[in-house]
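Undergrad: Using the sequences provided together with the hints, build the complete structure.
Protein chains in written order, with the numbering used here: chain A, 1 to 284; chain B, 1 to 381.
Some hints here could point you the wrong way.
Not everything, but these chain B residues come out facing chain A in the computed CB check (under 10 Å) [said to hold, decoys possible]:
#, residue
1, A75
2, G76
3, L83
4, A85
5, A325
6, E326
7, L368
So the derived label-pair ranges between C-beta atoms look like this [as the list claims (entries may be wrong)]:
#, chain 1, residue 1, chain 2, residue 2, range
8, A, S61, B, P88, 32 to 40 Å
9, A, V261, B, Q297, 29 to 37 Å
10, B, D162, A, Y147, 23 to 31 Å
Worth flagging that the hints you see were computed from the coordinates, not collected in a lab.
Where is the CB? At the ideal position from N, CA and C, for every residue including glycine.
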Amino acid sequence: MKSVKPGLDAYALTWRLPVIIWQVLFFVAPLAFMIAMSFFLVKNYRMVEAFELANWIKMFSRDYFRDTYWQTLGLASLTTACATMLAFPAAFALSFKVSENARRWAIFFLIIPFFTSYLVRIFSWYVLLAESGVINKIIGFLGVGPYTMLNTMFGTMVGYFALTLPLVIILQTLSMSSIDRSLIEAAHNLGAGRFRTIFQVIIPSAKIGLVVGALFCFILSFGDFVSPYYLGGSQPPTLTILITDTTKSGQQWPRAAVVAVTMMVTLMVIAFSAIKFAYHNRSQ
Amino acid sequence: MKNKSTTLSLSRRQFIKRSGGVATAIAFPAIVTSRKALAEPTEINMLAWYGHGEPDVVSEFEAMNNVKFNPKYYAGGDNMLGLIAQSPPGTYDIILSDAEFVQQLNQAGYIEELNPDDYPIDDFIHEDFKQFPGHWSDGKMYSVMVRFGYLGVSYNRNAIGDDDAMSYKCFWNEDIAGKVGHFDWHLPSLGMMSLLNGNIPKPFDIDSGAWKGVQETTMSLRPQVGGFFDYGGTFNSLKNSEMSAICGIGDWITGVLEKDGAPVTSVVPKEGGIQWTESYCIGKGSAKAELVNQFIQYMMSPAGQVRSAEMAAYPAFCVTNAGQAELRNVNMKEAERTGQIVGAANNPLTLISEGRIHYREVPIQQSLEEWNDFWSEYKNA
Numbered sequence: 001m002k003s004v005k006p007g008l009d010a011y012a013l014t015w016r017l018p019v020i021i022w023q024v025l026f027f028v029a030p031l032a033f034m035i036a037m038s039f040f041l042v043k044n045y046r047m048v049e050a051f052e053l054a055n056w057i058k059m060f061s062r063d064y065f066r067d068t069y070w071q072t073l074g075l076a077s078l079t080t081a082c083a084t085m086l087a088f089p090a091a092f093a094l095s096f097k098v099s100e101n102a103r104r105w106a107i108f109f110l111i112i113p114f115f116t117s118y119l120v121r122i123f124s125w126y127v128l129l130a131e132s133g134v135i136n137k138i139i140g141f142l143g144v145g146p147y148t149m150l151n152t153m154f155g156t157m158v159g160y161f162a163l164t165l166p167l168v169i170i171l172q173t174l175s176m177s178s179i180d181r182s183l184i185e186a187a188h189n190l191g192a193g194r195f196r197t198i199f200q201v202i203i204p205s206a207k208i209g210l211v212v213g214a215l216f217c218f219i220l221s222f223g224d225f226v227s228p229y230y231l232g233g234s235q236p237p238t239l240t241i242l243i244t245d246t247t248k249s250g251q252q253w254p255r256a257a258v259v260a261v262t263m264m265v266t267l268m269v270i271a272f273s274a275i276k277f278a279y280h281n282r283s284q
Numbered sequence: 001m002k003n004k005s006t007t008l009s010l011s012r013r014q015f016i017k018r019s020g021g022v023a024t025a026i027a028f029p030a031i032v033t034s035r036k037a038l039a040e041p042t043e044i045n046m047l048a049w050y051g052h053g054e055p056d057v058v059s060e061f062e063a064m065n066n067v068k069f070n071p072k073y074y075a076g077g078d079n080m081l082g083l084i085a086q087s088p089p090g091t092y093d094i095i096l097s098d099a100e101f102v103q104q105l106n107q108a109g110y111i112e113e114l115n116p117d118d119y120p121i122d123d124f125i126h127e128d129f130k131q132f133p134g135h136w137s138d139g140k141m142y143s144v145m146v147r148f149g150y151l152g153v154s155y156n157r158n159a160i161g162d163d164d165a166m167s168y169k170c171f172w173n174e175d176i177a178g179k180v181g182h183f184d185w186h187l188p189s190l191g192m193m194s195l196l197n198g199n200i201p202k203p204f205d206i207d208s209g210a211w212k213g214v215q216e217t218t219m220s221l222r223p224q225v226g227g228f229f230d231y232g233g234t235f236n237s238l239k240n241s242e243m244s245a246i247c248g249i250g251d252w253i254t255g256v257l258e259k260d261g262a263p264v265t266s267v268v269p270k271e272g273g274i275q276w277t278e279s280y281c282i283g284k285g286s287a288k289a290e291l292v293n294q295f296i297q298y299m300m301s302p303a304g305q306v307r308s309a310e311m312a313a314y315p316a317f318c319v320t321n322a323g324q325a326e327l328r329n330v331n332m333k334e335a336e337r338t339g340q341i342v343g344a345a346n347n348p349l350t351l352i353s354e355g356r357i358h359y360r361e362v363p364i365q366q367s368l369e370e371w372n373d374f375w376s377e378y379k380n381a
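TA: Here it is in structure tokens:
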């Protein structure tokens with residue numbers, strides 16, 4: 001039988017062209033401009049074209065930049081780990097313990113939050129988390145609290161979960177729903193208990209979806225400005241807040257570009273690693 | 001008989017002709033007067049702090065002159081400079097600038113010269129305001145001061161006593177640990193720390209030793225700090241008692257809440273307060289300079305000064321005597337609350353004469369960047 005090699009024919013290229021144009025226009029070109037801008041200088045609040053390393057040296061020599069970087073990375077990683085673990089039982093239940101109809105409704109309800117503006121959702125949390133807010137009032141009846149939840153790392157995390165958790169549950173559910181049930185039955189028939197089946201059959205089978213869900217969670221929380229600013233009160237500040245600080249004062253867009261490029265590189269490394277991990281041994 | 005009938009009866013054609021003429025004659029004045037109303041309103045592009053282009057300030061002028069304000073809001077003078085620098089000349093017809101940035105606007109050639117005779121400068125409440133620093137260059141005027149206010153200790157009266165609030169040291173009070181907020185702009189907060197360190201009368205004109213001292217004092221406040229907020233965040237955190245005190249603001253935020261009945265207020269402490277000043281400029285190359293000038297004149301009129309003083313977004317003091325008098329006429333309660341009555345202990349002029357008010361400036365001996373760098377470091381500490 002003749003093997004079919006992927007080649008560069010006109011037909012295939014025509015179908016690929018929109019994606020290529022899209023990527024060039026909205027990803028490659030802006031990224032190239034941002035990288036170039038990181039070498040520009042600012043004089044009298046105006047950007048001047050140049051090729052100087054001054055912005056890179058300046059930002060990377062500052063303790064606050066390094067601290068903010070690790071804080072942002074830590075927060076996004078923690079959110080990803082927590083969201084993945086919190087989402088798993090829900091996705092598991094939706095995939096294996098409820099009817100097809102119930103699953104469809106559940107996914108629909110998980111999508112509904114995305115119909116409203118993220119900023120509006122965050123301000124709703126403001127009302128809930130405030131010291132005089134709904135949550136503290138409720139637990140106050142039990143003689144507990146009040147607790148400070150706003151303007152803390154906890155507040156930031158709540159915002160991150162509001163942003164990412166529904167998406168992670170949906171991705172995990174879709175992934176687990178497509179697992180071949182005969183594999184699970186086979187595991188049970190061979191004597192595997194529930195937990196062993198989960199860890200040795202379900203998780204490996206749904207690995208790609210789980211990793212992609214976690215990756216989306218990381219990307220969204222790593223680049224979020226709204227939650228750390230409005231719910232976290234910049235406690236701690238994140239790279240997105242640093243970008244706005246840098247542009248606000250002195251109009252240092254080139255330095256903000258340094259921060260943004262650093263974020264992009266970080267995300268690319270993590271995304272490629274995650275995808276490589278997800279598809280590792282897939283062909284075997 | 002024939003004659004009679006010709007005078008009394010009209011043919012259908014004659015009737016239409018004459019009634020058409022009558023209708024035109026009756027409607028003509030209305031058509032003439034409504035042409036202006038029917039015409040598309042002239043758009044005026046405004047660059048200002050939030051609130052200045054809102055209906056409570058501009059609606060009357062818009063209706064009177066068939067104009068429509070198209071505001072672009074900023075937060076912080078350097079943010080304003082950046083927006084102008086990145087826009088083509090003539091983008092903004094009117095610019096509301098913090099006074100300390102007017103000089104830079106002028107040096108960069110972003111604003112038009114103004115005619116002092118167009119404004120009631122002789123009626124300004126304070127001699128200094130007539131020649132406000134940076135507003136004049138080589139005897140020419142480039143900006144007119146329209147409103148001002150004071151920054152000091154802003155606090156929740158249930159959390160901090162009025163006596164304690166008379167010093168910036170109250171921010172270090174153990175009882176409010178984690179409940180001190182910052183307005184997220186370095187100039188006002190660092191200016192206050194500079195005043196606390198005794199850099200009087202020039203808190204922004206300090207040598208390297210004094211600057212180091214300001215940094216140390218500010219850093220010592222960090223454990224007390226519960227958050228850094230923009231306008232909305234500052235407003236909310238005071239309103240819902242999330243923060244007990246905010247460093248870097250004044251009555252311009254607490255005034256709105258106070259009028260709403262919240263137990264918050266602002267005072268000028270014994271170390272002194274910082275004056276924020278807002279001034280109008282006409283954008284260089286504006287095709288609507290004449291109309292903009294009319295608007296500035298309107299805002300400088302007693303009625304305009306009252307609108308400015310009562311602005312929904314944030315209140316301010318009037319800069320003219322006539323403005324203050326009009327405020328007392330129409331809203332005595334607000335005049336009393338803000339001390340804009342003769343003999344009041346918190347009268348803005350009394351505070352100036354006592355030497356307790358210092359103009360906000362950009363750093364003189366350090367760069368703005370150096371102060372901002374420290375601010376980022378402080379937020380991360």
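Undergrad: Does A75(B) pass the interface check with chain A, least Cβ-Cβ distance below 10 Å?
TA: holds, 7 Å
Undergrad: Classify the hint on A325(B) as holds or violated, based on whether any CB of chain A lies nearer than 10 Å to its CB.
TA: violated, 39 Å
Undergrad: If you take the shortest Cβ to Cβ gap from A85(B) to chain A, is it below 10 Å?
TA: A85(B) check passes; min Cβ-Cβ to chain A is 4 Å, inside 10 Å.
Undergrad: Could you check the hint for me, namely that D162(B) and Y147(A) are 23 to 31 Å apart, CB to CB?
TA: Given range 23 to 31 Å: holds, Cβ gap about 29 Å.
Undergrad: Would the hint on G76(B) be counted as holding, given a Cβ-Cβ threshold of 10 Å to chain A?
TA: Since chain A brings a Cβ to about 6 Å from G76(B), closer than 10 Å, the hint holds.
Undergrad: Do the numbers back the hint for E326(B), that is, is its least Cβ distance to chain A under 10 Å?
TA: Violated - the Cβ of E326(B) stays beyond 10 Å from chain A, reaching only about 36 Å at its closest.
Undergrad: Using the nearest Cβ pair, does L83(B) come within less than 10 Å of chain A?
TA: Holds: closest Cβ of chain A sits about 9 Å from L83(B), inside 10 Å.
Undergrad: Do the Cβ positions of V261(A) and Q297(B) conform to the proposed distance bound of 29 to 37 Å?
TA: violated, 49 Å
Undergrad: If I claimed the Cβ atoms of S61(A) and P88(B) lie 32 to 40 Å apart, would that claim hold in this structure?
TA: holds, 36 Å
Undergrad: Please check whether L368(B) passes as an interface residue: C-beta within 10 Å of a C-beta belonging to chain A.
TA: Interface hint status for L368(B): holds (6 Å vs cutoff 10 Å).
The structure does not agree with the numbered hints 5, 6, 9 stated previously, though it agrees with the rest.
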